[in-house]
Amino acid sequence: MTTPNGVLARAPSITQPRSGRVWPTLRAIYIIWYRDILRFWRDRMRLLGSLAQPLLFLIVFGTGLGSALGGAGGFGGGGSTLSYTQFIFPGIIGMSILFSAIFGAMSIVWDREFGFLKEVLVAPIDRSAVAIGKALGGATQAMVQGLILLVLAPVVGVQLTVTSVLLVIVFSFLLAFSLSSLGVLIASRMTSMQGFQVVMNFLMMPIFFLSGSLFPLQGLPDWMTVLTRIDPASYGMDPLRRVMLEGAGMPTAALNQLSLTIGDYVLPIWLEALILLAFGVVVLALAVRNFRVRD
Amino acid sequence: MSEQPVIAVKDLVKKYGEVEAVRGIDLEVRSGEIFGFLGPNGAGKSTTINILCTLVKATSGSAHVAGFDVDDQADAVRANIGLVFQDPSLDQQLTARENLEFHAFIYDVPAAIRKQRIDEVLEMVELTDRADSIVLTFSGGMRRRLEIARGMLHTPHVLFLDEPTIGLDPQTRRHIWSYLADLPKRHGVTIFMTTHYMDEAEYCDRIAIIDQGKIQAIGTPDELKAMVGGDVVTVTTADNEAAFAQIAALAGSEPIRDNGSLRVEVPDGAAFVPRLVREAGAEVTSVQFRRPSLDDVFLKLTGRAIREEEAGSKDMMRIMGRAWGGGRRR
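Each protein sequence line maps, in turn, to chains X and S.
So for the first sequence, my numbering puts the first residue at 3; every next one is plus one.
So for the second sequence, my numbering puts the first residue at -6; every next one is plus one.
Just chain X, same shape as in the assembly (with noise of 0.2 Å):
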């Protein structure tokens, strides 16, 4: 028998629980998010292919309704020149932070049945790192998906500025987090892809067709303004559409008509801010609550 060497070869010493338990988790969070990340871009296919949907949306459908709802004048009133296309421009990079945001963070379902989720939850860490890192992660994709849109903006005639960009890349940030914490959350209780149609169909589209992406969330029967407020997603596709479209020189008060308001008050987006944020710790919290259950 060789004689035993190296580090590996050291009788093991029983390692000492930490007293700290901040540092250690931040590294958990790093690298889980680090490892999304990594996957995120070694599928650069798949990225690519997510561009066809908001393509589609933005090209295909944008045009014909815009066609149909006609030229005149143009859209959102006050003599604006606004058209369909360009209004819903931003509300085609949240559709695509949205999606993605919910489908990244679901990855955990998919960690759990192909057994790397045990790898994880077994390590010496606290499991909040897992709902983190996890809404970490797929929050940046998202991000990324939607931001890739930006270079559209020519072509469909919506001016940027340094200022529209910065704010769209926070609002982009905190609206895919809201919803990658929401998708972690739906995670934790997950056991296996089974349900995730009922997810798509029963929770996902609805977030979507109610975000106020296509249509302005104005003017709308009762029922519908309420169940428009009470999405979370509503919180981010307004301020992106406000800050693109008054980057690209609407005027404020044609853009008020278009805009999330709760009875006459129009939102400004600093509040809006704090909705997303406030939504996405709620259920985060929910979540890590969810993964430190012990059976």
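The hints are simulated quantities; they were obtained by calculation from the structure and are not laboratory data.
Any given hint could turn out to be false.
With the Cβ distance kept under 10 Å, some of the chain X side facing chain S (calculated, not the full set) [stated by the list, open to error]: (1) Thr17; (2) Pro26; (3) Ala30; (4) Asp113; (5) Val122; (6) Ile127; (7) Trp225; (8) Arg231.
Glycine included, C-beta positions come from ideal geometry on N, C-alpha and C.
Based on these hints, arrange chain S on the given structure of chain X.
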């Protein structure tokens, strides 16, 4: 030298609703041992290992691993154990090295020695030249080796292996064992494993035979075989039922019916066989005797044989999964 046991379990019980999966288990595992948990599917092996690994909470009783309580000090237990699960748990989209880096991070392997240690465990399981290949391209045996390497990466005190070679072909199983058998001597780790393969249990220093949630016997393979006493004679006659009473009288104990043959234990097989052929009372069509195996011990303790065919539908799925997911071999 008397040391603190590395694993100490007292009166452990786990109920799932009305079903008692583990019904009062006591055991102690010493430092540097390979301890085997042998029993058929559904005997409570995996439940016990999951409790020791802090994945499942016990209903009552206590368990300590490396001196820490698995319930109150779960994090301390987790930091001191390595795990190889029954089902594969690698990220197949990542390379071998990336899987190990992920593990090093969440197990707090210091940055200064991270790379060196990853290289060492890859070397240990002879995967150095495949370190930067995507795991999807690995065979079932290579994946298992990588999982063993990962389990050892953070120099755990105890390495838990749940059915480490299930679904692998015999040649690959022997290969895996060539690494496992050396680990305690070379690296001072204690191994706790479950298996339902009899030949695999032979590698263990000590074995606990578990059936229906209870430990039936604990000892070294030789001690357990000594419980059977003498040799095992398996005989087939033209009319087993007619010969049954006669063979019982000759051997001094009732034979066990097993697959169309009769099986008895006798102190001296060589002397017994000629008498058996002469006096069996029916024509003897075949006879053989051998030293007792662990299978005989299990049969004696429980009245049933553990058979590999006993693998349930879930195991079949696992085996299929490995075969299909196995990818190409190099």
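Outcome of the hint check:
1. Thr17: holds, 4 Å
2. Pro26: At 6 Å from the nearest chain S Cβ, X:Pro26 passes the 10 Å test, so the hint holds.
3. Ala30: holds, 5 Å
4. Asp113: holds, 8 Å
5. Val122: holds, 7 Å
6. Ile127: Check passed: Cβ of X:Ile127 comes within 5 Å of chain S, closer than 10 Å.
7. Trp225: Violated, about 43 Å.
8. Arg231: Status violated, d = 40 Å.
Of the numbered hints given earlier, the model fails hints 7 and 8; all others are met.
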